[in-house]
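Chain residues, written in single-letter form:
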Amino acid sequence: MIAGVGLSLYLPLAAHWAADAFDEALGARAATTPMIVGARGSRFDLVLHGLYFRARSEGTVAYGESTALREAGHGRVIPLHVQFTAGGQPVVGTSLDYFDFRKLQLARGESMALLGDCVLGANAAQQLKLGPNDKLKTDRKNLFDLAGDYPLQLNVSGVLAATGTADDEGVFVDVKTAWIIAGHGHGHNEQESNATNAPSAKLVKTHLEITPENMDTFHFHGDTTALPLTAILVEPMGAKETAMVMGRYQNNGTLQALKPPVVVDEMMGMVMRVRQFLDANYALVASTMGLLLALIVALSRRLRAQEMETLFLLGCSRGTQFALQAAELLMIFTTAGILALVAAWATVGWARDYLSTLAG
Amino acid sequence: MRIAIDHLEFEYGLGRFRLEIPDLQIEGGARVAFVGPSGSGKTTLLRLLAGIVTPQSGTVTVGEVPVNELTDAGRRAFRIRHIGFVFQDFRLVEHLDVRENILLPYRLNEALPVYDSIESQVKQQAARLDLADKLDSPVDELSQGEQQRVAICRALLPRPELLLADEPTGNLDPKNKTRILDQLFQQAESAEATLVMVTHDHALLDRFDRVIDFTKFHKPEATHQ
Numbered sequence: 001m002i003a004g005v006g007l008s009l010y011l012p013l014a015a016h017w018a019a020d021a022f023d024e025a026l027g028a029r030a031a032t033t034p035m036i037v038g039a040r041g042s043r044f045d046l047v048l049h050g051l052y053f054r055a056r057s058e059g060t061v062a063y064g065e066s067t068a069l070r071e072a073g074h075g076r077v078i079p080l081h082v083q084f085t086a087g088g089q090p091v092v093g094t095s096l097d098y099f100d101f102r103k104l105q106l107a108r109g110e111s112m113a114l115l116g117d118c119v120l121g122a123n124a125a126q127q128l129k130l131g132p133n134d135k136l137k138t139d140r141k142n143l144f145d146l147a148g149d150y151p152l153q154l155n156v157s158g159v160l161a162a163t164g165t166a167d168d169e170g171v172f173v174d175v176k177t178a179w180i181i182a183g184h185g186h187g188h189n190e191q192e193s194n195a196t197n198a199p200s201a202k203l204v205k206t207h208l209e210i211t212p213e214n215m216d217t218f219h220f221h222g223d224t225t226a227l228p229l230t231a232i233l234v235e236p237m238g239a240k241e242t243a244m245v246m247g248r249y250q251n252n253g254t255l256q257a258l259k260p261p262v263v264v265d266e267m268m269g270m271v272m273r274v275r276q277f278l279d280a281n282y283a284l285v286a287s288t289m290g291l292l293l294a295l296i297v298a299l300s301r302r303l304r305a306q307e308m309e310t311l312f313l314l315g316c317s318r319g320t321q322f323a324l325q326a327a328e329l330l331m332i333f334t335t336a337g338i339l340a341l342v343a344a345w346a347t348v349g350w351a352r353d354y355l356s357t358l359a360g
Numbered sequence: 001m002r003i004a005i006d007h008l009e010f011e012y013g014l015g016r017f018r019l020e021i022p023d024l025q026i027e028g029g030a031r032v033a034f035v036g037p038s039g040s041g042k043t044t045l046l047r048l049l050a051g052i053v054t055p056q057s058g059t060v061t062v063g064e065v066p067v068n069e070l071t072d073a074g075r076r077a078f079r080i081r082h083i084g085f086v087f088q089d090f091r092l093v094e095h096l097d098v099r100e101n102i103l104l105p106y107r108l109n110e111a112l113p114v115y116d117s118i119e120s121q122v123k124q125q126a127a128r129l130d131l132a133d134k135l136d137s138p139v140d141e142l143s144q145g146e147q148q149r150v151a152i153c154r155a156l157l158p159r160p161e162l163l164l165a166d167e168p169t170g171n172l173d174p175k176n177k178t179r180i181l182d183q184l185f186q187q188a189e190s191a192e193a194t195l196v197m198v199t200h201d202h203a204l205l206d207r208f209d210r211v212i213d214f215t216k217f218h219k220p221e222a223t224h225q
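So the protein sequences, as listed, match chains A and B.
Once you know that position 315 of the first sequence is 315 in the working numbering, the rest is easy, because the numbers rise by one and skip nothing.
Once you know that position 7 of the second sequence is 7 in the working numbering, the rest is easy, because the numbers rise by one and skip nothing.
Quick caveat, the hints were computed from the structure, so don't treat them as lab data.
Heads up, the beta-carbon is just placed ideally off N, CA and C, and yes, glycines get one too.
Careful: at least some of the hints might be erroneous.
[Said to hold, decoys possible] With beta-carbon atoms standing in for the labels, derived distance ranges:
(1) T54/B - L330/A: 53 to 63 Å
(2) P113/B - S300/A: 31 to 41 Å
(3) V65/B - E309/A: 46 to 56 Å
(4) R2/B - F322/A: 29 to 39 Å
(5) G13/B - V285/A: 43 to 53 Å
(6) L303/A - S190/B: 35 to 45 Å
(7) S300/A - V65/B: 28 to 38 Å
(8) F333/A - E64/B: 26 to 36 Å
(9) S143/B - L284/A: 18 to 28 Å
(10) L330/A - L205/B: 29 to 39 Å
(11) R210/B - F333/A: 52 to 62 Å
(12) D23/B - F322/A: 37 to 47 Å
(13) L303/A - P113/B: 52 to 62 Å
(14) G74/B - L330/A: 27 to 37 Å
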């Protein structure tokens with residue numbers, strides 16, 4: 001009976017609290033991200049990509065766009081390039097402005113200063129068991145594409161303090177390092193070949209780690225303003241600048257500007273609708289459970305009729321008899337309630353961690 | 001505690017059972033045996049004395065209290081405070097152990113007087129009835145005779161002024177029968193309580209002050225009609 005009552009209380013409690021935690025986590029992150037620019041496509045995808053570094057397959061935006069936005073003087077402009085992972089954690093190519101924008105503090109080590117440096121989020125450092133001066137190799141996206149990207153060994157320069165947000169999961173690098181991981185730039189030495197039958201007299205050795213010795217050999221081919229970003233975070237200086245940025249992309253066929261708080265509100269509206277549907281179901285479950293409980297209590301009373309009669313024969317007052325039965329029910333409901341609360345609290349505690357990062 | 005019954009009429013089962021007692025007086029502290037054939041109303045009179053049932057007419061006075069004129073709550077309170085009842089079917093609570101069954105009147109009414117330490121009282125009473133090593137046993141693991149002794153122990157513990165016993169020796173061997181009867185008599189005497197006992201065992205009757213034959217009180221259906 002305790003399990004039955006506990007479950008019927010736990011399900012709606014956990015669902016409500018989890019939805020509230022989701023709403024709170026998503027809302028708080030969105031509220032601190034006034035605007036995001038990216039390729040047209042799913043608005044939800046772009047916002048979740050910008051806020052939670054979730055992988056996005058739809059298009060890119062040229063780096064030149066962020067330069068143009070910055071030069072237009074609308075506000076703070078932060079590039080984002082999130083396509084790769086290292087040890088399963090998202091590699092976030094960005095600028096140092098991102099740390100200031102998100103108010104991220106270093107817990108250990110130093111910020112990324114050189115090409116190839118990375119700063120780990122608190123959870124990422126814990127999961128990868130890495131700290132300052134350690135090495136971290138990026139994951140290959142496609143093992144069979146020999147012409148594709150190669151893993152790059154990153155130098156861990158620092159670890160961020162925990163924030164309870166998606167930033168705890170990130171491996172932060174300079175956007176140029178992200179481009180090198182993506183294969184848009186590389187470093188190599190040219191060596192004389194000693195093979196007599198070589199068609200060329202020179203061999204090219206690509207560096208898989210950026211060191212002070214080989215750093216000068218790294219370069220990008222072509223126009224860097226055309227190199228891709230997956231999103232641009234914009235913090236306009238005011239309402240006017242916000243309107244100007246929105247206007248800039250209003251009729252743009254390939255790019256869109258979104259206000260994450262608005263998109264998240266829309267998303268939560270959908271979540272609320274699902275919650276209402278679930279609430280209706282829980283009401284049905286609770287009604288069924290109520291009927292079952294009534295049946296169980298009635299059967300229990302019948303089973304214990306002789307015991308109750310014994311109490312009467314001994315001279316037990318009606319009040320004491322009622323109090324005994326009420327106390328039993330109270331104990332069942334209290335125990336079930338406590339169990340449901342503890343289970344819901346534990347579930348939401350776990351869900352809060354999961355929902356606060358949403359990394360994937 | 002004296003008992004006075006005046007023009008008592010009680011019937012149930014649409015008149016199939018009828019008990020009529022024009023007058024019956026039992027002195028306080030007396031040891032009385034009720035005898036008679038099955039269905040003659042012996043147990044019914046015990047229940048009337050305890051206020052478990054009430055007569056259609058007449059008066060049942062126990063001590064100075066007209067029990068049948070009390071409210072339901074009043075009869076319950078009177079019963080638990082003044083009467084010890086050994087039921088024929090023991091009426092033990094199966095999921096409780098021996099100790100808790102013996103203590104049940106105290107659990108149900110904290111106002112019952114406590115003599116010495118209640119725990120030592122329980123131990124002493126249990127020892128007298130050879131239950132000392134059974135106090136922590138569940139009652140459903142006991143033999144019929146042991147269960148009967150637990151029921152007697154429960155009735156005796158609060159030192160009632162009126163002790164009603166419905167065939168308390170029915171399931172006992174001769175040795176235990178004598179011992180139980182000794183206990184009941186001893187307890188009744190020490191508490192100056194009145195003992196009323198239903199029995200079919202005529203060998204025990206010479207130990208009682210008075211024997212009341214119920215054949216004369218019972219009105220069978222045919223007579224009633």
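We went through each hint and held it up to the structure:
{"no.": "1", "hint": "T54/B - L330/A: 53 to 63 Å", "verdict": "34 Å, violated"}
{"no.": "2", "hint": "P113/B - S300/A: 31 to 41 Å", "verdict": "34 Å, holds"}
{"no.": "3", "hint": "V65/B - E309/A: 46 to 56 Å", "verdict": "24 Å, violated"}
{"no.": "4", "hint": "R2/B - F322/A: 29 to 39 Å", "verdict": "34 Å, holds"}
{"no.": "5", "hint": "G13/B - V285/A: 43 to 53 Å", "verdict": "48 Å, holds"}
{"no.": "6", "hint": "L303/A - S190/B: 35 to 45 Å", "verdict": "40 Å, holds"}
{"no.": "7", "hint": "S300/A - V65/B: 28 to 38 Å", "verdict": "36 Å, holds"}
{"no.": "8", "hint": "F333/A - E64/B: 26 to 36 Å", "verdict": "46 Å, violated"}
{"no.": "9", "hint": "S143/B - L284/A: 18 to 28 Å", "verdict": "52 Å, violated"}
{"no.": "10", "hint": "L330/A - L205/B: 29 to 39 Å", "verdict": "51 Å, violated"}
{"no.": "11", "hint": "R210/B - F333/A: 52 to 62 Å", "verdict": "55 Å, holds"}
{"no.": "12", "hint": "D23/B - F322/A: 37 to 47 Å", "verdict": "39 Å, holds"}
{"no.": "13", "hint": "L303/A - P113/B: 52 to 62 Å", "verdict": "34 Å, violated"}
{"no.": "14", "hint": "G74/B - L330/A: 27 to 37 Å", "verdict": "28 Å, holds"}
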